[in-house]
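Novice: Sequence:
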Amino acid sequence: MWDTLKLIITTFIGILISYLQPIYNPVKVLAIIFIIDIATGILVDIIKNDDRIRIKKLLIAVAFLALYTLIIACTYIIGEHMGDTEEALIIVKVLTYIFTYFYASNTLRNIRQLAPDNKPIAFLDYWLGLQIVKRLPDLADYLGLSNTKNSNKNETDK
1 MWDTLKLIIT
11 TFIGILISYL
21 QPIYNPVKVL
31 AIIFIIDIAT
41 GILVDIIKND
51 DRIRIKKLLI
61 AVAFLALYTL
71 IIACTYIIGE
81 HMGDTEEALI
91 IVKVLTYIFT
101 YFYASNTLRN
111 IRQLAPDNKP
121 IAFLDYWLGL
131 QIVKRLPDLA
141 DYLGLSNTKN
151 SNKNETDK
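Counting from 1, position 26 in the sequence shown corresponds to residue 26 in our numbering; the numbering is continuous, with no gaps.
Keep in mind that the hints were calculated from the coordinates and are not lab data.
Using N, Cα and C, we set each Cβ at its ideal position, and we do this for glycine too.
Honestly, I wouldn't trust all of these hints.
Here are the simulated DSS-like cross-link-like pairs (lysine-lysine), alpha carbons at most 25 Å apart as the crow flies [unchecked claim]:
hint, residue 1, residue 2
1, 28, 57
2, 93, 48
3, 28, 119
4, 56, 28
Restraint ranges, calculated between C-beta atoms of paired labels, are given here [stated by the list, open to error]:
hint, residue 1, residue 2, range
5, 122, 18, 42 to 50 Å
6, 123, 8, 50 to 58 Å
7, 62, 101, 48 to 56 Å
8, 104, 6, 16 to 24 Å
9, 55, 24, 45 to 53 Å
10, 59, 83, 16 to 24 Å
11, 10, 127, 16 to 24 Å
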């Protein structure tokens with residue numbers, strides 16, 4: 001009985017991996033940047049904060065990686081079933097770039113905490129952390145980094 005169950009599960013996982021093979025590279029990129037982000041976060045906790053490794057924090061990060069992977073997989077599956085495989089792959093690439101941007105931004109912030117006097121890291125952290133958000137006003141508003149819309153609304157109300 002147990003051998004049959006293992007065979008069914010292995011077959012199902014094999015079929016799923018084969019079906020999702022076109023999005024293997026985006027998922028691999030997410031996994032790599034995730035590992036780098038987690039490693040720098042652990043180093044900051046151990047070296048800078050004199051803290052211990054917290055499993056709960058690690059599990060939450062793994063859950064977010066699983067969520068991002070699920071979003072990418074669902075996007076591909078829906079696009080493939082709608083007959084728009086190429087377009088779905090483009091959307092998967094865009095989503096991967098977006099998730100990678102936020103992981104890289106967090107990684108640079110962690111590295112900057114480890115090496116606060118390093119000018120290139122400080123520049124990259126500033127540039128990735130602020131300049132892209134400033135160029136995308138809607139993203140800045142969404143992240144709560146800009147009060148321009150609120151101040152414009154208050155001025156028009158007067």
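Novice: Confirm or reject each hint.
Specialist: Quick rundown of the hints versus the structure:
Using a Cα cut-off of 25 Å, the hinted pair residue 28 and residue 57 holds, with the two alpha carbons roughly 22 Å apart. A threshold of 25 Å between alpha carbons decides the hint, and for residue 93 with residue 48 the separation of about 35 Å lies outside it, so the pair is violated. Between residue 28 and residue 119, the direct Cα distance comes to roughly 30 Å. Violation of the 25 Å bound is thereby established for this hinted pair. The straight-line distance between the Cα atoms of residue 56 and residue 28 is roughly 24 Å, inside the 25 Å bound, and the hint therefore holds.
For residue 122 and residue 18, the hinted distance range of 42 to 50 Å is satisfied, since their beta carbons lie about 45 Å from each other. For the hinted restraint 50 to 58 Å between residue 123 and residue 8, the CB-CB distance of approximately 53 Å keeps it satisfied. Taking 48 to 56 Å as the suggested C-beta distance range, the pair residue 62 and residue 101 does not conform, at roughly 20 Å. Roughly 39 Å separates the CB atoms of residue 104 and residue 6, a value that falls outside the hinted 16 to 24 Å.
Residue 55 and residue 24 have their C-beta atoms about 29 Å apart, which leaves the hinted 45 to 53 Å range violated. At roughly 38 Å, the beta-carbon separation of residue 59 and residue 83 lies outside the given 16 to 24 Å, and the hint is violated. Hint check: residue 10 to residue 127, Cβ distance near 46 Å, so the stated range 16 to 24 Å is violated.
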